[in-house]
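Just so you know, the sequences run in chain order A and B.
The numbering used here numbers the first residue of the first sequence as 1 and each following residue consecutively.
The numbering used here numbers the first residue of the second sequence as 1 and each following residue consecutively.
These are calculated hints, taken from the structure and not from any lab test.
There could be a bad hint or two in this list.
List time: in silico DSBU-like cross-link candidates among lysine-lysine, alpha-carbon distance up to 30 Å [what the hints assert, rightly or not]:
hint, chain 1, residue 1, chain 2, residue 2
1, A, K281, B, K96
2, B, K96, B, K179
3, B, K96, B, K37
4, B, K179, B, K37
5, A, K155, B, K179
6, B, K179, B, K36
7, B, K97, A, K281
8, B, K179, B, K97
9, B, K37, A, K281
10, B, K96, A, K250
Values in this document were obtained by computation on a predicted structure and should not be read as measured data.
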Amino acid sequence: MAKKTISMRKNSQGDSAAVLEEELQKVEPTEEYSVSDDASDNLDFFENDSSFEDDEFSENVDETEKSDVSADDKSQKEAEKKSAAKESVAGQLGAAMKRGVIIENPVLRLVLGTCPTLATTTAASNAIGMGIAATLVLICSNTVISLLRHVIPDKVRIPAYITVIASFVSIVQMLVKAFAPALDESLGIYLPLIVVNCIILGRAEMYASKHAPALSALDGLAMGVGFTTALLCMGTIREVLGAGSLFGAKLPILSGQPILFFSLAPGGFFVFGLLIAAANKLSKKNNLPVRNGCGDCPAAATCSLSGKGGCRS
Amino acid sequence: MNTLRMVVTIILAGILTNNYVLSKFLGICPFLGVSKKLNTAMGMSAAVIFVMVLSTAVTYPIQRFVLETLGLEYLQTIVFILIIAALVQLVEIVLKKYIPALHASLGVYLPLITTNCAVLGCAILVTEDFGSASYGFGEGYLYALSCAFGSGVGFLVAMAIFAGVRRRMEFCDIPETLKGLPITLIAAALVAMSFLGFSGVVHM
């Protein structure tokens, strides 16, 4: 229990996650717990939602928890439970955030949603706009798909997911058109293309279809923040070097002779490649990002390559 | 004659200056994922050309005659993606039944194409570029189809070149950190830079 609370506190630091590099540096020193800690993270996860979750496994977890704790002192247990209940929301949020932003960052670790990452990061403000739009769609679609997970037949689940996602994308599109026309202008075609963003369909298939609505919404938020963070990172680098400005404000020396290469298409590929290399280096796993074969590909269910190790192997 | 010239210009622009992969970042996932071998790259590109032309052929009239007539333009995204998804399924079933040889070569790539942003992107872009604002239906339809074809061929060209680049890269001594995806992206940056040289060649 003591170990768990420590891990929760560590995780809750992820709350204030803003800059990816900082976060990635944090991963390094805590490497020894990141392997063994994943399991306990998940346990925290299941434990805390037993209050609002109706799945079968919540019972199992309750049982294991009882047997775990039965050796402990009763009063100590109650006190810890109270503190755990207080910390549970923050801890869960922290754990999910850490997973979404660092361990399974959708852009830098899973390498999903590459098209918007490359196309909308010519300026930091565009990157944030794209990130927020995608996050909104992710949260809403994850929640709705999770609510419908017992209703949707398994065979037609992909078209059903696409319909749900497309509806929310249309809503977000209309909202952006109404309230941020400048953003609509600069995102252009990439706003409706959120529909085919692999992150959203991937999370629906991987997470929302198997978990309770609140957890799925949290996962959507975490993944969205991870996506936004990566986009902001790339957008900042490309805008500072390519246009010599940051959020539209001119920087003193750089704006004199901006390196146009970074604003153009090749610069996008280049910066993205270097960022992935940096993420690989920092996480000390020099091989390919965490990709479990076809596990996170939305088309895996219908793809004939999925049995043969997938198209990327 | 003018129409023919326009068609040729649109196709050339799709291949060289407005290349979907290298200058508009559409269809990056297959570009990075399936470009390791030349024949799989060609198979994927052929399937993309096929689906792109076919989906544009269906979505363009629907945009003109259904969505715009009824004032439902805001439903474009949801309608288009459903049409493309249904169309891909239908094409797969038809090919399996009637042209098994073609299905054997294209079939594996078809499901992957449903979530390919190049196809949806093309369907949406042609309704903007060749829409009812500036063209009549016949003319606009012809230009939209040639744009879809040109963009598909542009995808094929980018895939073919990149497959060649990646093949040579396999024999290179690459730093440990850059192995895998990072070096692939940097190579893609160099290929994209070479395509920048075409900018200004074709004027629309």
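Query raised in the report: Taking each numbered hint in turn, which are not upheld by the structure, reported in ascending numerical order?
Result: Of the numbered hints given earlier, those the structure breaks are 1, 2, 5, 7, 8 and 10, listed in rising order.
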